[in-house]
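Given chain A, put chain B in place with the hints provided.
Number of protein chains: 2
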Amino acid sequence: MMAKPCIPKGTRDFSVEEMAKRNYIFNTIKHVFGLYGFRQIETPAMETLQILMGKYGEEGDKLLFKVLNSGDFLSDVTETDLEERNLNRLSCRLCEKGLRYDLTVPFARFVVMHRNELTFPFKRYQIQPVWRADRPQKGRYREFYQCDADVVGSDSLLNEVELIQMIDEVFARFGIRVAIKLNNRKILSGIAEWIGAPDKIVDITVAIDKLDKIGLDKVNDELREKGLSEDAIARLQPVILLQGSNEEKLQVLRRELSASEVGLKGIDELEYILRKLSASSLRASLEIDLTLARGLNYYTGAILEVKALDVQIGSITGGGRYDNLTGVFGLTGVSGVGISFGADRIFDVLNQLDLYPKESMESTQVLFVNFGERECEVCLSHLARLRAAGIRAEIYPEAAKMKKQMGYADSTGVEYVALVGENEIAAEKITLKNMTTGEQSLFTIDEVIALFA
Amino acid sequence: MMAKPCIPKGTRDFSVEEMAKRNYIFNTIKHVFGLYGFRQIETPAMETLQILMGKYGEEGDKLLFKVLNSGDFLSDVTETDLEERNLNRLSCRLCEKGLRYDLTVPFARFVVMHRNELTFPFKRYQIQPVWRADRPQKGRYREFYQCDADVVGSDSLLNEVELIQMIDEVFARFGIRVAIKLNNRKILSGIAEWIGAPDKIVDITVAIDKLDKIGLDKVNDELREKGLSEDAIARLQPVILLQGSNEEKLQVLRRELSASEVGLKGIDELEYILRKLSASSLRASLEIDLTLARGLNYYTGAILEVKALDVQIGSITGGGRYDNLTGVFGLTGVSGVGISFGADRIFDVLNQLDLYPKESMESTQVLFVNFGERECEVCLSHLARLRAAGIRAEIYPEAAKMKKQMGYADSTGVEYVALVGENEIAAEKITLKNMTTGEQSLFTIDEVIALFA
Numbered sequence: 048m049m050a051k052p053c054i055p056k057g058t059r060d061f062s063v064e065e066m067a068k069r070n071y072i073f074n075t076i077k078h079v080f081g082l083y084g085f086r087q088i089e090t091p092a093m094e095t096l097q098i099l100m101g102k103y104g105e106e107g108d109k110l111l112f113k114v115l116n117s118g119d120f121l122s123d124v125t126e127t128d129l130e131e132r133n134l135n136r137l138s139c140r141l142c143e144k145g146l147r148y149d150l151t152v153p154f155a156r157f158v159v160m161h162r163n164e165l166t167f168p169f170k171r172y173q174i175q176p177v178w179r180a181d182r183p184q185k186g187r188y189r190e191f192y193q194c195d196a197d198v199v200g201s202d203s204l205l206n207e208v209e210l211i212q213m214i215d216e217v218f219a220r221f222g223i224r225v226a227i228k229l230n231n232r233k234i235l236s237g238i239a240e241w242i243g244a245p246d247k248i249v250d251i252t253v254a255i256d257k258l259d260k261i262g263l264d265k266v267n268d269e270l271r272e273k274g275l276s277e278d279a280i281a282r283l284q285p286v287i288l289l290q291g292s293n294e295e296k297l298q299v300l301r302r303e304l305s306a307s308e309v310g311l312k313g314i315d316e317l318e319y320i321l322r323k324l325s326a327s328s329l330r331a332s333l334e335i336d337l338t339l340a341r342g343l344n345y346y347t348g349a350i351l352e353v354k355a356l357d358v359q360i361g362s363i364t365g366g367g368r369y370d371n372l373t374g375v376f377g378l379t380g381v382s383g384v385g386i387s388f389g390a391d392r393i394f395d396v397l398n399q400l401d402l403y404p405k406e407s408m409e410s411t412q413v414l415f416v417n418f419g420e421r422e423c424e425v426c427l428s429h430l431a432r433l434r435a436a437g438i439r440a441e442i443y444p445e446a447a448k449m450k451k452q453m454g455y456a457d458s459t460g461v462e463y464v465a466l467v468g469e470n471e472i473a474a475e476k477i478t479l480k481n482m483t484t485g486e487q488s489l490f491t492i493d494e495v496i497a498l499f500a
Numbered sequence: 048m049m050a051k052p053c054i055p056k057g058t059r060d061f062s063v064e065e066m067a068k069r070n071y072i073f074n075t076i077k078h079v080f081g082l083y084g085f086r087q088i089e090t091p092a093m094e095t096l097q098i099l100m101g102k103y104g105e106e107g108d109k110l111l112f113k114v115l116n117s118g119d120f121l122s123d124v125t126e127t128d129l130e131e132r133n134l135n136r137l138s139c140r141l142c143e144k145g146l147r148y149d150l151t152v153p154f155a156r157f158v159v160m161h162r163n164e165l166t167f168p169f170k171r172y173q174i175q176p177v178w179r180a181d182r183p184q185k186g187r188y189r190e191f192y193q194c195d196a197d198v199v200g201s202d203s204l205l206n207e208v209e210l211i212q213m214i215d216e217v218f219a220r221f222g223i224r225v226a227i228k229l230n231n232r233k234i235l236s237g238i239a240e241w242i243g244a245p246d247k248i249v250d251i252t253v254a255i256d257k258l259d260k261i262g263l264d265k266v267n268d269e270l271r272e273k274g275l276s277e278d279a280i281a282r283l284q285p286v287i288l289l290q291g292s293n294e295e296k297l298q299v300l301r302r303e304l305s306a307s308e309v310g311l312k313g314i315d316e317l318e319y320i321l322r323k324l325s326a327s328s329l330r331a332s333l334e335i336d337l338t339l340a341r342g343l344n345y346y347t348g349a350i351l352e353v354k355a356l357d358v359q360i361g362s363i364t365g366g367g368r369y370d371n372l373t374g375v376f377g378l379t380g381v382s383g384v385g386i387s388f389g390a391d392r393i394f395d396v397l398n399q400l401d402l403y404p405k406e407s408m409e410s411t412q413v414l415f416v417n418f419g420e421r422e423c424e425v426c427l428s429h430l431a432r433l434r435a436a437g438i439r440a441e442i443y444p445e446a447a448k449m450k451k452q453m454g455y456a457d458s459t460g461v462e463y464v465a466l467v468g469e470n471e472i473a474a475e476k477i478t479l480k481n482m483t484t485g486e487q488s489l490f491t492i493d494e495v496i497a498l499f500a
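One line per chain: the protein sequences are A and B, in this order.
Residue 69 in my numbering is what sits at position 22 of the first sequence, and the numbering runs on without skipping anything.
Residue 257 in my numbering is what sits at position 210 of the second sequence, and the numbering runs on without skipping anything.
Chain A extracted, bound-state conformation (with noise of 0.2 angstroms):
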């Protein structure tokens, strides 16, 4: 006999509750990426590895699922290759393909493709699993979906606007509470320009970050040790001490870098976007945050990121602006700008807030149990009727005994139970038990209808 039966480590099989719940969050975000004009697309789980490799970096590499190619996949190994043993060289020539990193890559790869058949500004949504070869841990799998919305072919900040109303717009929907942090490539490049640091974007930022937990002193410490001069440090002053609302923010960065043009351009930016999203009622708060410096080597403008209120947990949603999505495949000049919902942290904290809707389960409604032969006939013809009327009905296969078709009810989450009995059958009609309160009553099959209409 084969030993026990298991799954690759850092994969995980979903279950039905989990799967119900998984659902609610897809149909849920896709619904709002709907009303906003974004469509769906897909492209393939494989991808050649010349589209994959080089993109996310060495350590990204490292971390691609290669698939050997099928058939010989020897015929291009020479003896050499095979001596060498130089793992890099080999995993190129066995594999010409791999599973895809993330869905942006694969994005570009896809409007470069099919740019002659796609209108411009292209609004796409897209909701497929990744794959990485990460060190599974706890929250961190080797297969995971990813939700990403972008706009291509379009400078307008009206797109930045409407990503965070439909990110705000979903979180409400779940009923989660966050707050939305902003910030602006060109601000942190601005900064970086007006105390002469061009490379020092990502210490700055980091060091700021720790403002609140080791106080002013050290974090000036850190910047000294990251080698920027006292003048630097000096002039970075307000920009570390910024606070106050939005708009005070705004005031004192628009006076500290009035020498930068690239720091006035971001400025220009993010004041347009609240200006615009002032006016949109949002339920999320907004909040300028310049220590936001996710994906720097690739967003040009816009920089968002997630953060739930009620759970301590990562961001569960980024995005911003990029400037040159396809160039790396030969199509340059296309901007675009997109969000990327963190499905499985929004599933942890749907779970710890406990925030499903009972609806979404997608339990069955009504259960029929099955007493035998003669009911069941009756049985299936009250089934026809629910479920033409849009109602989710099953009857228990066997005519078992009565204590496991309730524990089948139970324990799949019925709920109702139906009764039709003999005597239910001479009166034409159905004993319902609600599975919750335990209250039972006789139903006309109309009078079921009408419960759940």
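It is possible that some hints are incorrect.
Since the list gives no way to pick one copy over another, a pair counts as held whenever it fits inside one copy or between any two copies.
Unchecked claim - In silico SDA-like pairs for lysine to any residue, Cα to Cα no more than 25 angstroms straight-line: (1) K102 <-> Q175; (2) K51 <-> L400; (3) K323 <-> A431; (4) K451 <-> K480; (5) K405 <-> A67; (6) K265 <-> F73; (7) K476 <-> E424; (8) K77 <-> M100; (9) K312 <-> L289; (10) K312 <-> G419; (11) K56 <-> G485; (12) K448 <-> D202; (13) K51 <-> A500; (14) K77 <-> E64; (15) K405 <-> N74; (16) K68 <-> A431; (17) K312 <-> N417; (18) K68 <-> H78; (19) K68 <-> S458; (20) K448 <-> Y188; (21) K109 <-> L137; (22) K247 <-> L343; (23) K51 <-> Q97; (24) K77 <-> V177; (25) K405 <-> V309; (26) K102 <-> R69; (27) K51 <-> M408.
Since the hints were made in silico from the structure, they are not lab data.
Only chain B this time, still in chain A's reference frame:
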């Protein structure tokens, strides 16, 4: 510059139009599955090769996509392995995971692994891609979706009845006229037993299937070639010539197979299923078809297949009962019965017959033309109203030329274009242009909302 980007052969990108159609197909099927008490699960794309190998025959093993071990994939490879260049042995050293080949084996693995958490009968459905290193050809892909529903842990024929009702309901919703063909493995076994040729089932069904094309004499010739005795062929005549209604067919079979216990059991099963279904007014026609011989290596009872009546295409759905799904993983005595919708073929049929409902395209219902900053403010507040009412609405993100904006509306399939210029703002109205008819009139925002209610 890099080579023109491409995707692995046999794989596909799905455009927004194709995804909308696919979503329509999957959502329809999912909804019907739900009405019958089936619930969704998902399993990982990768399974261990231990789970996958040896389950699909020698040919199947070759068609598995294997995933190169991450890290030092040569660590288990000896000099001898390299020298021998034995592909099978080497691939097992280089790879311990593969992409799933179907949903059945992962489901069996799932049931065995989670048997203590599951309630039986377990009614699950699963809609996920599978991968096969088949030679790509028209209509055959290396990545395609399967769409399976199964009940495990119940011997009741009511499951067969409900699965057939589900099939009927799904195709009725699609508007595809179908014939559901039914057979029973036990009847085939009975026939083989009765003519004394138990190993000839496939030869017999293949020969009978040619009756219409080649005539009785040639069918009998073929049977002779396959090694059937004259006596066996003589006994087979009533079965080969089986015609008429399902009742007539069952009558003949019951007479001819009266000596075969297993044959009679199969006839009883088929009769039960047909009787139960006759009360439920199926829209599909239901036909006993003894030439149906799919999955003979694992089906043990009912076998079914669905043919589209108005399009020339192979079977678009299939299924049957298997009595030992999980035996290979060490859990015996779990009977199952299931069906699998052929999503790609259904997609082709719906395309050919042009049966997609207009709503299924999920295109934007109202697009606001962007006239500039001031008008845009007003549009944003209209957009909020429309979206709150569940209407898919967007604004063109830049104040581009009218022609460009209308072109966008045209090519993305927008239903109505909304024009809000100075006059409309003054009158608190919206000019709405119907993109199908070209008609345009003035509405208040409430009237626009009412239009879609």
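*Taking the numbered hints from earlier one at a time, note which ones the structure violates and give those numbers from smallest to largest.*
Numbers 2, 6, 8, 11, 13, 16, 20, 25, 26 and 27, in rising order.
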